[in-house]
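Between the sequences and the hints, there should be enough to build the whole structure, so can you do that?
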Amino acid sequence: MTAATLDDGKALLLKLKQGDERAFKIIYDSYKFRLAGNLCKLLKSNDLVKDILQELFLKIWETRNQIDPEKPFKSYLFHIGQNLVYDYFRKAAKDKRLLLKLMAATSDLYQHIEEDITRKENSEIFQRAIDLMPPQRKQVFTLCKLDGKTYKEVENIMGINGKTISSHMLKANRFLKNRFQPPSNAVVLTLLGFLLNRL
8 MTAATLDDGK ALLLKLKQGD ERAFKIIYDS YKFRLAGNLC KLLKSNDLVK DILQELFLKI
68 WETRNQIDPE KPFKSYLFHI GQNLVYDYFR KAAKDKRLLL KLMAATSDLY QHIEEDITRK
128 ENSEIFQRAI DLMPPQRKQV FTLCKLDGKT YKEVENIMGI NGKTISSHML KANRFLKNRF
188 QPPSNAVVLT LLGFLLNRL
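Residue numbers for the sequence shown follow my numbering, beginning at 8 and rising by one.
Derived from the structure by calculation, the hints contain no laboratory data.
Misleading hints may appear alongside valid ones.
Said to hold, decoys possible - Cross-link-like lysine to any residue pairs, in silico, SDA-like; alpha carbons within 20 Å at most:
(1) K156 with M140
(2) K156 with I137
(3) K39 with I67
(4) K32 with E69
(5) K78 with F31
(6) K48 with F96
(7) K17 with I67
(8) K32 with L65
(9) K78 with R97
(10) K22 with I67
(11) K66 with H86
(12) K48 with N90
(13) K57 with A43
(14) K159 with M176
(15) K22 with T70
(16) K81 with N45
(17) K57 with N45
(18) K32 with N72
(19) K39 with P79
(20) K17 with K81
(21) K66 with R97
(22) K152 with L139
What follows is the structure, encoded as structure tokens:
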């Protein structure tokens, strides 16, 4: 980052401290996507990300007098975002309605696991996962899923019956889902339990 850019950033922060709404909008537009991406990794829900993002920038506006233009503003924003996420988890642990909302948000992701697998088909990480399968299961999965062969065609190519093919596909899909799916509700509950112990 150049000295000029740093100076521009400090000038914006000084204007923000003085209540300049235009400076606030510029800062919001500069950081919203990076913050949203980081929050999404923690919350796994677009709706929750929007709520936390709105709360974060409202907090920035309300506490603008406390901003130190000499300190890294990006770190300050991400720190506030992380604290808001932890606060949400704490509230969810105490509020059954919020907990159900959080559970529902993570559960929605499982419905799209097949689409997620398809999107990863051409990626290196997905191929490495396929390579971890036993040789025959890997071949069945590759022929059926990646090459689009029917079970009948795979029977003719590999000389195995449809029941064996079906078994391989079931185990392959289960293996990939477990490898690529977002953290389970059990993990979320473990995190909530950890946070409660810290209260």
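Going through the hints against the structure:
Restraint check for K156 and M140: satisfied, since their Cα atoms lie roughly 19 Å apart, inside the 20 Å limit. Straight-line distance between C-alpha atoms of K156 and I137 comes to about 17 Å, which keeps the hinted pair within the 20 Å bound. Restraint check: the Cα-Cα separation between K39 and I67 comes to about 13 Å, which is no more than 20 Å; the hinted pair holds. As the CA atoms of K32 and E69 are separated by approximately 14 Å, the hinted pair is consistent with the 20 Å bound.
A distance of roughly 17 Å separates the Cα atoms of K78 and F31; the hinted pair therefore holds under the 20 Å criterion. Distance restraint check for K48 and F96: the Cα-Cα separation of roughly 14 Å lies within the 20 Å cut-off, and the hinted pair is therefore satisfied. The suggested pairing of K17 with I67 holds, with an alpha-carbon distance near 15 Å, which does not exceed 20 Å. Distance restraint check for K32 and L65: the Cα-Cα separation of roughly 12 Å lies within the 20 Å cut-off, and the hinted pair is therefore satisfied.
Between K78 and R97 the alpha-carbon distance is near 29 Å, which puts this suggested pair outside the 20 Å criterion. For the hint linking K22 to I67, the alpha-carbon distance of about 13 Å falls within 20 Å, and the restraint holds. A distance of roughly 12 Å separates the Cα atoms of K66 and H86; the hinted pair therefore holds under the 20 Å criterion. Only pairs whose Cα atoms come within 20 Å are accepted, and K48 paired with N90 is accepted, the gap being roughly 14 Å.
A threshold of 20 Å between alpha carbons decides the hint, and for K57 with A43 the separation of about 8 Å falls inside it, so the pair holds. Proximity of K159 to M176 is assessed by CA-CA distance (about 14 Å); at most 20 Å being required, the pair is judged to hold. With a CA separation close to 14 Å, the supplied pair K22 and T70 stays within the 20 Å bound. Among the hinted pairs, K81 with N45 is consistent with the structure: their alpha-carbon atoms are about 12 Å apart, no more than 20 Å.
The suggested pairing of K57 with N45 holds, with an alpha-carbon distance near 12 Å, which does not exceed 20 Å. At roughly 17 Å between alpha-carbon atoms, K32 and N72 fall within 20 Å of each other, so this suggested pair holds. Of the pairs offered as hints, the one joining K39 and P79 holds, with about 16 Å between alpha carbons and a cut-off of 20 Å not exceeded. Under the criterion of a C-alpha separation no larger than 20 Å, the hint pairing K17 with K81 is consistent with the structure, at around 12 Å.
A C-alpha spacing of about 18 Å is found between K66 and R97, which places the hinted pair at or below 20 Å, so the restraint holds. At most 20 Å may separate the alpha-carbon atoms for a hinted pair to count; K152 and L139 meet this at roughly 16 Å.
Comparing the model with each numbered hint stated earlier shows that hint 9 is the single one that does not hold.
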